[in-house]
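**Q** Protein sequence lines, in the order shown, are assigned to chains A and B.
For the record, in the first sequence the residue sitting at position 34 is 34 according to my numbering, with numbers rising by one throughout.
For the record, in the second sequence the residue sitting at position 182 is 182 according to my numbering, with numbers rising by one throughout.
None of these hints come from the bench; they were simulated from the model.
Here a beta-carbon is modelled for each residue, glycine too, at the ideal position from N, C-alpha and C.
Be aware that one or more of the hints could be misleading.
Covered stretches of chain A, as calculated for chain B (at least 3 residues, CB under 8 Å) [to be verified]:
#, segment
1, 7 to 18
2, 58 to 68
3, 71 to 80
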Amino acid sequence: MKNNNDLSLLQYAAKRAVQSRFFLAESLKEFRINRGMTEDDLAGFLGCSPELLPKLALCRRPDSDSPKFRVDIERIAIAFNMQPIRLVQVIREVDSLKALTEAKPINEEAHEGLLAVARDLEGKETDGTEPKDPSEEEEDAK
Amino acid sequence: MSSKEKEEYARQLHARLIQLDPLAPAEFAVAFLDELFRRLKARAASNSDETFLRDATTDALLDYIQHPTKYNPKKSALLTYLTMAAYRDLLNMFAKEKRRHRRELPLDIVEEIPDDGNNQIEEYENKVLDSLTAAERAKILSKIEETFPGKQERELLDLIIHGERKTDKYSEILGIQNLTPDEQRKIVKRHKDRITKRLQRLGGRVREK
Chain A
1 MKNNNDLSLL
11 QYAAKRAVQS
21 RFFLAESLKE
31 FRINRGMTED
41 DLAGFLGCSP
51 ELLPKLALCR
61 RPDSDSPKFR
71 VDIERIAIAF
81 NMQPIRLVQV
91 IREVDSLKAL
101 TEAKPINEEA
111 HEGLLAVARD
121 LEGKETDGTE
131 PKDPSEEEED
141 AK
Chain B
1 MSSKEKEEYA
11 RQLHARLIQL
21 DPLAPAEFAV
31 AFLDELFRRL
41 KARAASNSDE
51 TFLRDATTDA
61 LLDYIQHPTK
71 YNPKKSALLT
81 YLTMAAYRDL
91 LNMFAKEKRR
101 HRRELPLDIV
111 EEIPDDGNNQ
121 IEEYENKVLD
131 SLTAAERAKI
141 LSKIEETFPG
151 KQERELLDLI
161 IHGERKTDKY
171 SEILGIQNLT
181 PDEQRKIVKR
191 HKDRITKRLQ
201 RLGGRVREK
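Here chain A stands alone, though its shape is the one from the complex:
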């Protein structure tokens, strides 16, 4: 691995840009790590030269909720001579993973409520009567 002082300033800036969602750097890094790729693998996946990755990383990340998303993707794809669909794949995959990991867990109260509903449903007999207590069932068997 290169020492930070061995990196060009552009590479160094791209590395620091990972800390902000503003830049494509963050999505590229997350995608690469999630897929267990090297930088060369990522460049191969995108269809661009590995030397272009720092510059690509410093592009503004197209916002998938914005009406400009498609236009922004196409502009970047043309500038870096790569397949737009691959860039969309990177952004969407990382966004989906983020949405999953950042989703709030169900709170205790709601969780209890859901469990109670589940217990009620499980306990209902098909004829609509309440389920019998197991001890009563034993009595019936005698």
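Assemble the complex: chain A is given as a structure, and chain B must be docked to it using the hints.
**A** Chain B only, in chain A's frame:
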């Protein structure tokens, strides 16, 4: 590219950044990172650390790219503004580093007590304590009180910090003068080890703050 052309190009990119052009950030970085670094290096002290210069350059540029409206074109040329921003970041880094050094109270000094003892330690302690702000000093002293709540412990600590080596001084505080010298040595050693360990842990915590 002449400096006039550079400024013109910077102005164009600035306009594109405000329009949320996705390529403008990368183009700006490619065009001006090295230039900004050179300008900052020329402005900063000649012995400035290269890593700080790189950090200040990239921080200023990345921050501007994300918030281009902070720059007011009526006030100065863009590259001048960025150089100033990078220089300010650099000074902040130096100040932060200086504060970090100051906070590093060398509590582990108890591990290596010099032969000429107390004067040297006191001088060093005073130097460190003098360099702290009142708030930092109060914080460290309150941490020491928290870690060593008992009077006896603090008296033992005082002896350790001042390099006292005579067992009988410690025995006096512990009230074990009636025991045999060998027993006293063992008990004193146990207490000193315990206090030194807590002191080292406290040193670690103080540094982390």
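**Q** Which of the stated hints cannot be reconciled with the structure, identified by number in ascending sequence?
**A** none
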